[in-house]
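Q: Listed below, chain by chain, are the residues.
Protein chains: 2
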Amino acid sequence: MSENSKTLRFGILGCANIARKVARAIALAPNATLCAIASRSREKAEKFAAENGFPASVRVYGSYDQVLEDPCVDAVYLPLPTSLHVRWAVMAASKKKHVLVEKPVALDVAELDRILDAVESNGVQFMDGSMWLHHPRTAHIQRLFSVPHSANSVGPVRFIHSTSTMPATPEFLESDIRVKPELDGLGALGDLAWYCIGASLWAKGYQLPTSVTALPDSTRNDSGVIVSITASLLWDQPNQTFATIHCSFLSHTSMDLAICGSNGSLHLRDFIIPYGETSASFDLTLGAKFVDLHIGWNVRPEEVHVANELPQEALMVQEFSRLVAGIRDCGSKPSTKWPEISRKTQLVVDAVIKSLELGCKPVCL
Amino acid sequence: MSENSKTLRFGILGCANIARKVARAIALAPNATLCAIASRSREKAEKFAAENGFPASVRVYGSYDQVLEDPCVDAVYLPLPTSLHVRWAVMAASKKKHVLVEKPVALDVAELDRILDAVESNGVQFMDGSMWLHHPRTAHIQRLFSVPHSANSVGPVRFIHSTSTMPATPEFLESDIRVKPELDGLGALGDLAWYCIGASLWAKGYQLPTSVTALPDSTRNDSGVIVSITASLLWDQPNQTFATIHCSFLSHTSMDLAICGSNGSLHLRDFIIPYGETSASFDLTLGAKFVDLHIGWNVRPEEVHVANELPQEALMVQEFSRLVAGIRDCGSKPSTKWPEISRKTQLVVDAVIKSLELGCKPVCL
Numbered sequence: 004m005s006e007n008s009k010t011l012r013f014g015i016l017g018c019a020n021i022a023r024k025v026a027r028a029i030a031l032a033p034n035a036t037l038c039a040i041a042s043r044s045r046e047k048a049e050k051f052a053a054e055n056g057f058p059a060s061v062r063v064y065g066s067y068d069q070v071l072e073d074p075c076v077d078a079v080y081l082p083l084p085t086s087l088h089v090r091w092a093v094m095a096a097s098k099k100k101h102v103l104v105e106k107p108v109a110l111d112v113a114e115l116d117r118i119l120d121a122v123e124s125n126g127v128q129f130m131d132g133s134m135w136l137h138h139p140r141t142a143h144i145q146r147l148f149s150v151p152h153s154a155n156s157v158g159p160v161r162f163i164h165s166t167s168t169m170p171a172t173p174e175f176l177e178s179d180i181r182v183k184p185e186l187d188g189l190g191a192l193g194d195l196a197w198y199c200i201g202a203s204l205w206a207k208g209y210q211l212p213t214s215v216t217a218l219p220d221s222t223r224n225d226s227g228v229i230v231s232i233t234a235s236l237l238w239d240q241p242n243q244t245f246a247t248i249h250c251s252f253l254s255h256t257s258m259d260l261a262i263c264g265s266n267g268s269l270h271l272r273d274f275i276i277p278y279g280e281t282s283a284s285f286d287l288t289l290g291a292k293f294v295d296l297h298i299g300w301n302v303r304p305e306e307v308h309v310a311n312e313l314p315q316e317a318l319m320v321q322e323f324s325r326l327v328a329g330i331r332d333c334g335s336k337p338s339t340k341w342p343e344i345s346r347k348t349q350l351v352v353d354a355v356i357k358s359l360e361l362g363c364k365p366v367c368l
Numbered sequence: 004m005s006e007n008s009k010t011l012r013f014g015i016l017g018c019a020n021i022a023r024k025v026a027r028a029i030a031l032a033p034n035a036t037l038c039a040i041a042s043r044s045r046e047k048a049e050k051f052a053a054e055n056g057f058p059a060s061v062r063v064y065g066s067y068d069q070v071l072e073d074p075c076v077d078a079v080y081l082p083l084p085t086s087l088h089v090r091w092a093v094m095a096a097s098k099k100k101h102v103l104v105e106k107p108v109a110l111d112v113a114e115l116d117r118i119l120d121a122v123e124s125n126g127v128q129f130m131d132g133s134m135w136l137h138h139p140r141t142a143h144i145q146r147l148f149s150v151p152h153s154a155n156s157v158g159p160v161r162f163i164h165s166t167s168t169m170p171a172t173p174e175f176l177e178s179d180i181r182v183k184p185e186l187d188g189l190g191a192l193g194d195l196a197w198y199c200i201g202a203s204l205w206a207k208g209y210q211l212p213t214s215v216t217a218l219p220d221s222t223r224n225d226s227g228v229i230v231s232i233t234a235s236l237l238w239d240q241p242n243q244t245f246a247t248i249h250c251s252f253l254s255h256t257s258m259d260l261a262i263c264g265s266n267g268s269l270h271l272r273d274f275i276i277p278y279g280e281t282s283a284s285f286d287l288t289l290g291a292k293f294v295d296l297h298i299g300w301n302v303r304p305e306e307v308h309v310a311n312e313l314p315q316e317a318l319m320v321q322e323f324s325r326l327v328a329g330i331r332d333c334g335s336k337p338s339t340k341w342p343e344i345s346r347k348t349q350l351v352v353d354a355v356i357k358s359l360e361l362g363c364k365p366v367c368l
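Heads up: the sequence lines are chains A and B, in that order. Per this note's numbering, the first sequence starts with residue 4, numbered consecutively. Per this note's numbering, the second sequence starts with residue 4, numbered consecutively.
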């Protein structure tokens, strides 16, 4: 262990763009430190380390295996293409490294289960890279669901709508990793819908939907990878809830989340990446009615601001590191919360794929 | 004609709640005046006239026929239950009365065509009561679509999402006119989805969708009337566009409209009834990108305010009266714009019903 046993020492496997953001988050988190970076070539890793101003203490490796063999590395972050996750996550776990895996975690739940089996049998912590779940805004909103029948609660959730869209260039649609069948075969369903499915499940307290249906607008690139997808999730019990998600590389940037309950509604326009780093807001409308003659409303949305001391990705790293410290220093078991969230998200991803294969028929879960 | 030949003299057939709003709109519109009100009983009509402070000049009738026989009445407004529209709209047209019909216009397009045939053969103006189309905000937003490839345009529309929801009481769900099979058999699909379908068509310049699909969450009351419905509209050409609509009597009040193009997006939270009477706003986001490291956005939504001198329902009455003045004073033909909008909306309503009957299969238009 390092001098400070509270500090989790990270190795990063791969030099993807997202690794820059997470390397910064590791530097910002008070209980984590970056100690190794690897690429498939040492040259590329050195360039990445220099460009991102990593301190000289960060070891630079020309292969992923070297990070896993490094006894100073406590945990690895995997920003690799999805098709490589199962191999490297399983191997990392077998080397007793805790694993923070970029989303989507796997190409299907069978692959994900191989990862989860490996982390469980090796007693290491697992978490996927869904950063927005760690923003204090998320916890703040969650409290608005927790008291189902109060005037300050949105009440039982009836409808959820979310989007994750970005306008890709023609080059992206042809050749970016996220739409290459051999690298990220899930395309927009993995890269974008992971968030919308995750938000829908979160709004329902991680109850799995009764059925999942792909809608008839999915679009694929020339290689057959999904570049645009809409899907719906239906919960039958205890109250019927319906969610629509729309994810696309063909639209202007959007990250909308609207949740409508029986007594109120919530709207976010930046739920995945907040507009700014130090606070985020959402609009809350409670008990809205029309005034007499229906010529206006009795209330307008209230903009609620939630400050955050650290960016959400640093909070994610901090939470992951806190869990590992609990395992290491207090003999805690790895938290099952995060693997369960990932697994439920992946189950819905799989159901969307199956519904597409069935010509957009509902798939029961 | 009245002294002022520019003033359109309205008769109202029925004393529904919505008639109070439209009577006020007729009073506010500079080119219209209320001259008659009828109910099925004279007593009820008198009570309605007194409660709403109608001037003594307004004739009060105990039957709808009397309004249609009154030579002083130029036009009628029909706030009756939908199942009665065809009978009274056709009869009004045959008496050469111009007709402003509350939405939904009819139970199906066959009924609507009977109305449109009658107004056409009698040379009278037709319009449905979709008030939001007459707000200057609507025209303002429309200009943002009109230049498809400019930095100030949202670009070709890719995705549209709209809602119209309100929390009905158990009594409403059992016995309100809007969920009675013999009165408003379309339920939420007629009362609420008319707006969302209309907004989707409007955003696509009234191009009919290629296909319409009901989603698997529709809910009916004990009488079999739809109280909650979600549906999707797909346009194949020239650019693929997808729209989802969600309409329900089982949720908190919402009137969301989000339109996402290739270069920008628009968000309204009050598209059907603006929060206030003198201005309305929308949020516009153009050219949004993430900043370096994806730790925030380069732009935030701009709140655009649009002032209106008259409430949207008065602007609707004013526009209707202007069209009639053109027919009467300048020999213009009745405008076909408004009947066409109503007919396209009704065609999509019919397609949703058909899709429901087919077990949520897509219905081509």
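I should point out that these hints are in silico values taken from the structure, not numbers from a laboratory. Where hints are given, some of them may not hold.
Identical copies look the same in the list; a pair holds intra-copy or inter-copy alike.
Taking lysine to aspartate or glutamate and the DMTMM-like style, the derived pairs with C-alpha atoms no more than 25 Å apart in a straight line are [claimed, not checked]: (1) Lys9 - Glu114; (2) Lys364 - Asp239; (3) Lys292 - Glu174; (4) Lys347 - Glu305.
Q: A separate judgement is required for each hint: does it hold in the structure or not?
A: Against the structure, the hints:
When the C-alpha separation of lysine 9 and glutamate 114 is checked against a cutoff of 25 Å, the pair qualifies neither within a copy, at 32 Å, nor between copies, at 74 Å. Within a single copy, lysine 364 and aspartate 239 get their C-alpha atoms as close as 17 Å, and across copies as close as 20 Å, so both meet the 25 Å cut-off. When the C-alpha separation of lysine 292 and glutamate 174 is checked against a cutoff of 25 Å, the pair qualifies only between copies, where the shortest distance is 17 Å, while the shortest distance within a copy is 48 Å. Within a single copy, lysine 347 and glutamate 305 get their C-alpha atoms no closer than 32 Å, and across copies no closer than 36 Å, so neither meets the 25 Å cut-off.
Checked against the numbered hints listed earlier, the structure breaks hints 1 and 4; every other hint is satisfied.
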